[in-house]
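Novice: Numbered per my numbering, the sequence shown spans residues 1 to 65.
Just so you know, these hints were derived from the structure itself, not from any lab. Cβ atoms here follow ideal geometry from the backbone N, Cα and C, with glycine treated the same way. Accuracy of the hints is not assured; some may be wrong.
Stated by the list, open to error - Derived CB-CB ranges, DEER-like:
hint, residue 1, residue 2, range
1, Gly64, Gly35, 26 to 36 Å
2, Ala8, Ser41, 53 to 63 Å
3, Ala45, Ser20, 18 to 28 Å
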Amino acid sequence: MNTNTDNANNTEVNAAYETSKFALGVGITMAALVGIWGVASLVSALSSDGPLNLVKSYFTAVTGL
Numbered sequence: 001m002n003t004n005t006d007n008a009n010n011t012e013v014n015a016a017y018e019t020s021k022f023a024l025g026v027g028i029t030m031a032a033l034v035g036i037w038g039v040a041s042l043v044s045a046l047s048s049d050g051p052l053n054l055v056k057s058y059f060t061a062v063t064g065l
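All chains should be built: construct the whole structure from the sequences, respecting the hints.
Specialist: Below, the structure is given as structure tokens:
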């Protein structure tokens, strides 16, 4: 007795969705790295110059006085 079977499986991939998901993940990762870098820079400035001198320097940079 012979039995014919068909074992073909079709998998459809939505390429636009996968690409968008990847790009969003890369964007979130880069934003997190920039945020971490900013916090590290702020902590470094606070530890080297002190908070009052940092505020004074910030206002001097913004106003130009």
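Novice: Indicate, hint by hint, whether the structure satisfies it.
Specialist: Evaluated hints:
1. A hinted range of 26 to 36 Å holds for the C-beta pair Gly64 and Gly35, which are about 28 Å apart.
2. In this structure, Ala8 and Ser41 meet the distance hint of 53 to 63 Å, their C-beta atoms being roughly 57 Å apart.
3. Checking the proposed 18 to 28 Å range against Ala45 and Ser20 shows it is violated: the Cβ atoms sit about 37 Å from each other.
Of the hints listed earlier, the one the structure fails to meet is number 3.
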